Amino acid sequence: MCGIAGIMFKNASGRGTGKALIDMLDGCQHRGPDSTGFALYGAVSEEQLRLRFFIGEGDQANSAVERVKTELAKQGAELLEDEVIGNNYRVTVRFTGDLQQFAYAMEHNAKVISIGTSLEIVKDVGGAHDVDDRYHVAGFEGTHGLGHVRLATESDVKPEASHPFWATGFEDVAIVHNGQITNYWKMRRRLEQRGFQFTTDNDSELIAVYLADKLAQGVALREALKTSIEDMDGTFSFLVSTRDEIGYAKDRLAAKPMIMYETDELVAIASEEVSLNRLFPGQALNTKEPPPGTYDTWSRSI
Amino acid sequence: MVTLDLAKLDVRAANERIRAAGAAGEDVEVVNPDARHHIGVGLIHPINVHVRGSAGYFCAGLSDQASFEVENNVGWGLGDNMYSGSVVVGGNAGAIPGVAIRGAEIVVRGNMGSRAGQVMKAGTLCCAGNANFMAGYMMYGGRIVILGDSGERVGEDMTGGEIFVAGKVSELGSDAQLTDTAAEEIDEIREFLDRYGVSFKGGFQKIVNAGKKLRYATSERQMRSIPFFTFSGNSSYWNPKVQEDLYIKSQIGRYRIRGYGGARPLPHLSDLAFKKDLSDAGRVVDVVSKIDMYTEIGGINGANPLQLSMPVMIAPMSYGALSASTKRAVGLASSLAGIAENTGEGGMSNAQRDAATQLIFQMLGGRLGWNIHDMNRADGLEIYISQGAKPGLGGQLMAKKVTPELARIRGIPAGIDLRSPSRHPDILGADDLVIKVEELREATGYRLPVSVKLGAGRVRDDIKIAVKDGFDFIELDGMQGSTGAGSAEVIDYVGTPTLSAIIEALDALESIGRRQDIQIVLMGGIRDGVDAVKALALGADAVAFGTSAIIAGGCIACMQCHVGQCVTGIATQDPEHEARYDPEAEAKNIHRFLEGVRWQIAALTEALGYSSVRGLNRDDLVAVTPEAASITGLEYAPQYRVRGAGLEVRTA
Ligand SMILES: Cc1cc2nc3c(=O)[nH]c(=O)nc-3n(C[C@H](O)[C@H](O)[C@H](O)COP(=O)(O)O)c2cc1C
Numbered sequence: 050m051c052g053i054a055g056i057m058f059k060n061a062s063g064r065g066t067g068k069a070l071i072d073m074l075d076g077c078q079h080r081g082p083d084s085t086g087f088a089l090y091g092a093v094s095e096e097q098l099r100l101r102f103f104i105g106e107g108d109q110a111n112s113a114v115e116r117v118k119t120e121l122a123k124q125g126a127e128l129l130e131d132e133v134i135g136n137n138y139r140v141t142v143r144f145t146g147d148l149q150q151f152a153y154a155m156e157h158n159a160k161v162i163s164i165g166t167s168l169e170i171v172k173d174v175g176g177a178h179d180v181d182d183r184y185h186v187a188g189f190e191g192t193h194g195l196g197h198v199r200l201a202t203e204s205d206v207k208p209e210a211s212h213p214f215w216a217t218g219f220e221d222v223a224i225v226h227n228g229q230i231t232n233y234w235k236m237r238r239r240l241e242q243r244g245f246q247f248t249t250d251n252d253s254e255l256i257a258v259y260l261a262d263k264l265a266q267g268v269a270l271r272e273a274l275k276t277s278i279e280d281m282d283g284t285f286s287f288l289v290s291t292r293d294e295i296g297y298a299k300d301r302l303a304a305k306p307m308i309m310y311e312t313d314e315l316v317a318i319a320s321e322e323v324s325l326n327r328l329f330p331g332q333a334l335n336t337k338e339p340p341p342g343t344y345d346t347w348s349r350s351i
Numbered sequence: 112m113v114t115l116d117l118a119k120l121d122v123r124a125a126n127e128r129i130r131a132a133g134a135a136g137e138d139v140e141v142v143n144p145d146a147r148h149h150i151g152v153g154l155i156h157p158i159n160v161h162v163r164g165s166a167g168y169f170c171a172g173l174s175d176q177a178s179f180e181v182e183n184n185v186g187w188g189l190g191d192n193m194y195s196g197s198v199v200v201g202g203n204a205g206a207i208p209g210v211a212i213r214g215a216e217i218v219v220r221g222n223m224g225s226r227a228g229q230v231m232k233a234g235t236l237c238c239a240g241n242a243n244f245m246a247g248y249m250m251y252g253g254r255i256v257i258l259g260d261s262g263e264r265v266g267e268d269m270t271g272g273e274i275f276v277a278g279k280v281s282e283l284g285s286d287a288q289l290t291d292t293a294a295e296e297i298d299e300i301r302e303f304l305d306r307y308g309v310s311f312k313g314g315f316q317k318i319v320n321a322g323k324k325l326r327y328a329t330s331e332r333q334m335r336s337i338p339f340f341t342f343s344g345n346s347s348y349w350n351p352k353v354q355e356d357l358y359i360k361s362q363i364g365r366y367r368i369r370g371y372g373g374a375r376p377l378p379h380l381s382d383l384a385f386k387k388d389l390s391d392a393g394r395v396v397d398v399v400s401k402i403d404m405y406t407e408i409g410g411i412n413g414a415n416p417l418q419l420s421m422p423v424m425i426a427p428m429s430y431g432a433l434s435a436s437t438k439r440a441v442g443l444a445s446s447l448a449g450i451a452e453n454t455g456e457g458g459m460s461n462a463q464r465d466a467a468t469q470l471i472f473q474m475l476g477g478r479l480g481w482n483i484h485d486m487n488r489a490d491g492l493e494i495y496i497s498q499g500a501k502p503g504l505g506g507q508l509m510a511k512k513v514t515p516e517l518a519r520i521r522g523i524p525a526g527i528d529l530r531s532p533s534r535h536p537d538i539l540g541a542d543d544l545v546i547k548v549e550e551l552r553e554a555t556g557y558r559l560p561v562s563v564k565l566g567a568g569r570v571r572d573d574i575k576i577a578v579k580d581g582f583d584f585i586e587l588d589g590m591q592g593s594t595g596a597g598s599a600e601v602i603d604y605v606g607t608p609t610l611s612a613i614i615e616a617l618d619a620l621e622s623i624g625r626r627q628d629i630q631i632v633l634m635g636g637i638r639d640g641v642d643a644v645k646a647l648a649l650g651a652d653a654v655a656f657g658t659s660a661i662i663a664g665g666c667i668a669c670m671q672c673h674v675g676q677c678v679t680g681i682a683t684q685d686p687e688h689e690a691r692y693d694p695e696a697e698a699k700n701i702h703r704f705l706e707g708v709r710w711q712i713a714a715l716t717e718a719l720g721y722s723s724v725r726g727l728n729r730d731d732l733v734a735v736t737p738e739a740a741s742i743t744g745l746e747y748a749p750q751y752r753v754r755g756a757g758l759e760v761r762t763a
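Quick mapping for you: the protein sequence lines, in order, are chains A and B. Residues in the first sequence are numbered consecutively from 50, following this note's numbering. Residues in the second sequence are numbered consecutively from 112, following this note's numbering.
Hints are computed from structural coordinates only; laboratory data are not their basis. Values in this document were obtained by computation on a predicted structure and should not be read as measured data. Positions of the beta carbon are idealized from the N, C-alpha and C atoms, including for glycine. Accuracy of the hints is not assured; some may be wrong.
[Said to hold, decoys possible] Here are the computed lysine-lysine pairs in the DSS-like style, where the Cα-Cα straight-line distance is at most 27 Å:
1) B/K119 <-> A/K68
2) A/K123 <-> A/K160
3) A/K235 <-> A/K275
4) B/K279 <-> A/K337
5) A/K337 <-> A/K59
6) B/K324 <-> B/K279
7) A/K59 <-> A/K263
8) A/K275 <-> B/K279
[Claimed, not checked] One-sided excerpt, in silico: chain B residues whose CB lies under 10 Å from chain A:
9) A204
10) R226
11) Y604
Pulled out of the complex, with its shape left as it was, chain B reads as follows (with noise of 0.2 Å):
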């Protein structure tokens, strides 16, 4: 037995030790830890951690197989996460205890805080006193037992799993109903029961899924095919895209859905010029491998940073929106380009590892495929909190998309209209947001950067939150960017335009003297090493590129990602239709495209003075409308619209 002391240790000492010792196989027990957060955050060994008094935020978060038992309370967050092993807690538990658990098992003596089990996929999360709040609020499954009284709008949006509730149920939730108990579910609970020596004789009522919200009414209609380039048209009354809009609507009475970015011309990069004259770009031979454009992203506060050969990554793309062989060839092109890739939502497949040698594993509201062994083997841990296409609203992914393997991952039922949640359970504001960084830093050692993705909204606030709770980098994404499933209106008309995105966060940073405190990756309608040089000369530490890295791996832009039928197999999860897509093909397409971005970011940098993609700087640029110039400050200058097309793409 280990004894650790608080009162001497820190937190992340202490937690380094119990790791240590859970990789030796030795128990654990910790005093006087006095309330403090994340005490057993990422231990993966089968030990028993005993907590000798109160813990604090996230106890035994992000574990798997360790047995943990808290003599007193606990703060939010019990068991985050947890995919097996057990935890025990003597007096009472805050909220979201259970939060998004796996498979574990967890006992509360006392009472616990509202939202118990938020998201939770499997396991049992059981309680002897009274639970609060929306108990059971968004869980997909699993189990929760209540041995007190309910409180209120239990079961609220649940889509799977069972509540039983011994005391009075006062409000049930929205989708949420009474059913019947069968004698082999109580039976099952007794034996829980007596395993964790509670004793309890009396009877359950059981709580499910109502089944009401769990798919629309009516499906998405097949549209017929016009390209995005002519669906956006030049008109802004009535043109194709109108017309469209309003037939979808008369089929199925109500919002539409649909894939890709905003189609409503918004100022953006291509409003900006080049001050100087380009016309010798890229005459110098060889221009590549003249311009130092290495970049690392993430390391500034310590963290082993992603190294990029461009300052370019892949913007977040989830597994579920695209298949599993176009995760496979945009990790392939990261790799061939050295650049890095990232999960998006809904998990990380073997496969998706095994192609991208960096890769950014991303967590959302609904924890859909997060768990510490993936995270423990990713290059970077990213926190989404909203995107650019869509801000605010939570991620769509209708049933026919929602395959077995897919719901396996996501530890969801298959075959339901997927409305993943807008926000985190745990995350209400910038002063939990900060304990939810330091989990994951606590969880994985330190070793990874921790990166924020962003959908400009209130840009100015967002950034100083992000930069005061301590994360390595932001994906900030304007409202130019794509999805693969949201709101019509919303991808067209709410957000904030990229160029807007970018000036705001480097003014906010600059009004508190943290530039240099925070990196900047910018996102959302970038569509080749133009804009990219012209991101960086705005200030941007790198860019991403989400759309035009799947039109270059042969996407038709029909905007009908969010069906599942997807012709050239992209954004399906349909066998046959994925058959279509050849993996190693793609992948060289969408290598050669960043190899052209390289290309371009080298020449221009060369022709606009620069040895190195460190050296572009605002003065490089003019603005050619009056918005471009209101929103950068840039000098207004309309000469320049004629100067033409600019550069050819010409690979090395």
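With the rest of the complex left out, here is chain A (with noise of 0.2 Å):
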């Protein structure tokens, strides 16, 4: 119930990528009218984490704002800078410890939205510039990023039902997906097993986290993208992106669209033709609809 677009400039960073998903995700708003979302990839800081969390308006937020902060302070995550922008709290942190375990208790206190050295996810109700009027995504400037518009049916129109997801407790990976995963209670249960946890009953969560573990055991990306479409049921179209890369993944019954356009300098990956046709007005793109059941990745130049 949506549309999602991702980009990557291949070399060097400042390329606005924040302005370029904003035009594409316009392009694709009536895929889903009701909320829109960016995972951002900015300037890496070692040691240093940025978390975004929903604290809800007024006292609601203040005491959540309290709440992170002692929550931080007994986690041992030294605050660096802080900001309230919209109904997002946003930090900067120096820590070093586990990560999973300190994003699953930052998670109890407030609504966590992305944890990262570099990944810093927007989203909101309303469309792509309406989210840019409240968080500026515009003048983002990094080297990639993923979009996501949704029509909202199963879950409310909330800002934290919205996409992209964070794999919730790893840094940095974010998953926008079109499609449903019907297996999604069987593969969770395996993850939950293995001591993950969830926040929502998002089946883009699920391919987040299924993801980001096999990253975190070592496997590259590629390999498991190519995984995933083995072990998930369903109909899907997904992108992924983690610090340095972009994927995508696509059921092999196509029954979701999608459609990428590649150069030297870039790569950038739609549900339709129309938003890639936004980056570039009045020209015939030499575009490419990925087959059913395939997967691909691309890395930025470090």
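Fit the two chains together into the complex; they arrive one by one in their own frames, and the hints show the way.
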């Protein structure tokens, strides 16, 4: 029930990833008018983590901020910077402990949106431009990122139900997904038995955790995407991003659209060509539709 | 030559100009198309349209006679449902190019996406590059020519037509087989390729239907005649219905197919009662003229609404399941009563159009009989997703009913046990659906209401999709609804009761604050004006009658609609049987029934203290069973059970 987009500039940073994603998502907003979100990858600062939380508004927000601060101190995370933007609380900390346990502990105090050395997820109700107005996505100058527009059915139109999803417990991994994983509970139980926690019932979170778990075991992203197509049932087209890579996987039934455009400079992937053309108005692009059951990855030059 | 710049004009404005140019016989050039959807849909004139760049979904869709050239790529559903004319695409095509075409010529110079030519009926779809997954899926006729490789599962469940592949055939689909090519077929293909300037010298492999799944191995036996009312019995264990089921299964060795609705007791509108003492109802002379019953359906987003003299419509029932004479009778009755009729599946005949002053045209996954010309002469367009009697399943029309005439309208081979697909080629989620709805609106200039027929399943989710995708109204059909043919187990055991359906729908709309943004027409086991008033009081905007209308028109409820030997001439295509049906007389009977409904609605509305049906509300009702109370949240008031039968029908 949605549209997805992803872009990576292959060389150097500073190519207007934020602006590009806004344009692409605005181009396919008809696929999902309810909410819009971005997974953005900025400059990496080692040993520093950036965290974003949904904190709501007013008193509720104030008490959430207090809870977060207390827990950060308890976890031995040194607070370097913090600010409240919209209904988000954004903090930068120095932290060197076990990230997974840290993330679960934080989640019990406030709704975590993302944690990463480079990743920040920005998502909320409304269209691409509405979310940009609130969170200033356009000025974002990273090398790569993902985006998502959503039509809400099963869950409500709430900021926390919007996408992209972070791989809860794993830094810097994000997912945008169009489709439905039908063996969701089976896969989720398998991961839960191994101690992973899920913060939503959303199948995108499952894909994110599934892939992040593989990555954490030292499996290459390509390989993880390959096994995801074997392990997951249903219809899906999804994009994944890490600090240095983006990739896609597409189910064998080819039921969900996906189209990509690649040059020496960039690779852009979207649900519909109309989004790609937003980046290159008036041009006839040499695009490609990934065949069913395929996957691929791209790395930025570091 | 008219030049239209999509950097300056939106697609809707551009399409209006393209249609105007078509009518004036002027060619069109579209610049800066930038992969926008719906370019050129609904064009019905012989002009050339040149798209300088890429087009999005449904380019050239629902058109007839026009020639399109697209320089670069196209998105999903290229040439959807084209009748005649041509499209040449310089680059690649996304999924389902040539979906449901009825005779056009489509050439893709690059590769094409999955399910090329799904449910196509005639014409040629040619691809110079490779095809993808399931090319020719469920095609009924026509020709697909693939100069590259076929992709996996080519010809999956095709019933007719031919697929020619010059490259590698990696895997045949189910019920597809390789066969020999004839020299003249190859000559014809070469002539076609020459005409479109495609140079190719190699040979072809040919794929056709293997004929293993076209018909059931055994056909349905005629069963003993037990009237439905006996059949549904009182016992839930060993009753005549169970006995008959067992008997038939012992004969045919599989699940049985039957017509009619569920025969299991379920919570229903009859489990609700009116709070007020209505023993005086009907005492007002000429009550019909005193109550405001006029209802408009479908106009909330600016389309021309259906204008109903009362909040009642006829439920969609296909010409195919029903005879042409029955469709005529129902149509005439709807006109006499000032309400709307619905084609159901399988197309619109002239006779239907002439009989019904207001006619909704229904589109199903097989696109059987769907076309732009009948869309243009309809009063509403409806996308069928499912129906209450068999949610999630496709239609079944047994060979006996697939006559040459019917096959012609539907564009399929005659004499097959027709199983219509259960899903649409181009609707795999709410995100595709919104683009489809827009295509129908674009093609008909936003004049017509667009509705969705939905069998109750996950009503809460589905109704949210319906409202968010911009439908003007929803025909919500509960588990008590009937069918012309369905598996007996599904009819009895799968679905959500009508009562739950309306409550869940209203709840879900309330939860997102969108009740005002869609109208609900409730159906499924609505028998008379009393049921209708209860449905309206619960919150439906109108109701629809299927079974009651055909019973009023002579149906004897024998449940053998699927067999095709209907003795009353209703559910048959056999001229001898049909000859027994007198459409003019039955139209009067159906009309008389509808006037009875009108009187009941008026009398009850008046007795409940309102001057308009819009006054009816939940507070008028109580529940007389715990189940109905729990479903509806109405007060449980068992004492109302004894108040008795209620109103007698008195015609005006
Ligand atoms: C003979 C027959 C044919 C039908 N054909 C269609 C059809 O083509 N499309 C559709 O949406 N529903 C079809 N239906 C279902 C009805 O539209 C509707 O869901 C149901 O009949 C309403 O409930 P009721 O019969 O209890 O009034 C058919 C029903 C019957 C009895």
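Unmet hints by their number, sorted upward, for this structure: Of the numbered hints, just 11 does not hold.
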